[in-house]
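Enquirer: The lines below spell out each chain.
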Amino acid sequence: MRDALRQTGADLPDPMRPVPFRIRRVEEETHDTFTLVLTPPPGAPPFSFRPGQFNMLWAFGAGEVPISLSGPPGEVREIVHTVRAVGPVTRELRRLKKGDTVGVRGPFGTAWPVEEVAGSDVVLVAGGIGLAPLRPALLALLAERPRYGRILLLVGARTPGDLLFVNELADWRGRFDVDVDVIFDRAAPGWHGLVGVVTSLIPSAPFDPRNAAAFVCGPEIMMNFALLELERRGVPPSRLFVSLERNMKCGVGLCGHCQMGPFFVCRDGPVFPRERVARWLAIREV
Amino acid sequence: MVETLRPILASIPLFDGMKPDHLELIAGCASNVRFAPGEFAARQGEAADRFFIVRKGRLALQVHGPGRGELTLLTVGDNEVLGWSWLVPPYKWHFDARALTDTRVLALDGRCLRGKFESDYQLGYEMMTRFAQLMTQRLEAASLQLLDLYGSNA
Chain A
1 MRDALRQTGA
11 DLPDPMRPVP
21 FRIRRVEEET
31 HDTFTLVLTP
41 PPGAPPFSFR
51 PGQFNMLWAF
61 GAGEVPISLS
71 GPPGEVREIV
81 HTVRAVGPVT
91 RELRRLKKGD
101 TVGVRGPFGT
111 AWPVEEVAGS
121 DVVLVAGGIG
131 LAPLRPALLA
141 LLAERPRYGR
151 ILLLVGARTP
161 GDLLFVNELA
171 DWRGRFDVDV
181 DVIFDRAAPG
191 WHGLVGVVTS
201 LIPSAPFDPR
211 NAAAFVCGPE
221 IMMNFALLEL
231 ERRGVPPSRL
241 FVSLERNMKC
251 GVGLCGHCQM
261 GPFFVCRDGP
271 VFPRERVARW
281 LAIREV
Chain B
1 MVETLRPILA
11 SIPLFDGMKP
21 DHLELIAGCA
31 SNVRFAPGEF
41 AARQGEAADR
51 FFIVRKGRLA
61 LQVHGPGRGE
71 LTLLTVGDNE
81 VLGWSWLVPP
91 YKWHFDARAL
101 TDTRVLALDG
111 RCLRGKFESD
121 YQLGYEMMTR
131 FAQLMTQRLE
141 AASLQLLDLY
151 GSNA
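As given, the protein sequences belong to chains A and B, one line each in that order. The first sequence: position 41 = 41 (the working numbering), numbered continuously. The second sequence: position 139 = 139 (the working numbering), numbered continuously.
It is worth saying that the hints were derived from the structure and are not from the lab. Note that this is a predicted model, so its numbers are computed, not measured. There's no promise every hint is true.
Covered stretches of chain A (chain B as the covering partner; in silico rule of three or more C-beta atoms under 8 Å from a C-beta of chain B) [claimed, not checked]:
#1 198–211
#2 220–234
Non-contacting residues of chain A with respect to chain B, defined by C-beta distances greater than 12 Å in every case (computed) [to be verified]:
#3 45
#4 64
#5 97
#6 173
#7 181
#8 183
#9 184
#10 186
#11 187
#12 189
#13 191
#14 192
#15 194
#16 260
Listed below are the simulated EDC-like cross-link pairs for lysine to aspartate or glutamate, each with C-alpha atoms no more than 20 Å apart in a straight line [to be verified]:
#17 A:97 to A:28
#18 B:56 to B:118
#19 B:56 to A:28
#20 B:56 to A:179
#21 B:19 to B:102
#22 A:97 to A:29
C-beta atoms are modelled at their ideal positions from N, C-alpha and C, and glycine is treated no differently.
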């Protein structure tokens, strides 16, 4: 797993200087979540990232926030960020329109070990906005489909109206080489789909736990219960990976805002093997 | 020779690892039932004289709210279990259970099973242990739903 989980960020030429990217497109996902498609300035070097990494996005005059990349990974001509408007900076990002400028630093952090789990069944468990950081991982898996066993995407959301990437999920569900299940915490009368929590999908999900790896992203409480269910199914603890969220500022492990025990989440994460952080996840307020 | 439902029961996670003679006893209380989409499998307040294991399809556990219609608490699909009111006095359904799709289930007669538990405590203990586990999982899930983990204040 060393390659995907190697530390990054500090090797960028000038990791503290934002590059002005232009908004090419804004897509409304839900009532509070939107997707920004950004293009680098002319003459900028190609942007390359791995699934699970994040950028620091600067809304000028408001501040900077860490946001996972949610588009196709690799060397790209445009970058995609799916953002939930919950604080001053993300609300300011939401006010921006096509043609406006966003400061971008990155990419930072570790990646989902997509290469390293080749040959296994791969289970992606997403809760809420946690689907966004997993989307590049799924796109990478599907781009090299024959190299993997079964691929499963288990998605939990609050209501049908809170579901991200609705059209793409429908496309994935239409494929015969990926199992997609979506479940909602609550649903309006007339809804005939699944209702419950995403962890309840794990016991009967069609994968071989002895030869599976799982990538889990969502609220920390949800992740803890998802990991418990995956372990109950028999997935080896060494094959469980989570993406953590902490208050990140510098992105390169200097400022200490995102410290969790001996780790800086911006530099040593956000993607961690579960075993590496299990001890710290069990401690309150770390 | 009359075939029993024992082999089918043996393939269901609820009965995983159960002794063959116990499975045979349980199979004696089981029957195949089919529900059409929209059909009620159970109604709130009615006698809970059975529980269901979905073989193919989907059942929703629902409650009716005045002015809010049918609210779905959870759905259960293939090989999953719905209902434990048959185990607990006064043996009445607390919610509605309704088929969302054409649904085939194994219906297990609660009164029949309780009678067998009375004469075979080991079987009763086995089933109580398995249902305690199921209840724990459902309680955990309900707690997570209550936390509104994906809400704006999460």
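Enquirer: State the violated hints by number, sorted upward, taking the hints as numbered earlier in the document.
Expert: The structure breaks hints 7, 8, 9, 10, 11, 12, 13, 14, 15, 18, 19 and 21; every other hint is satisfied.
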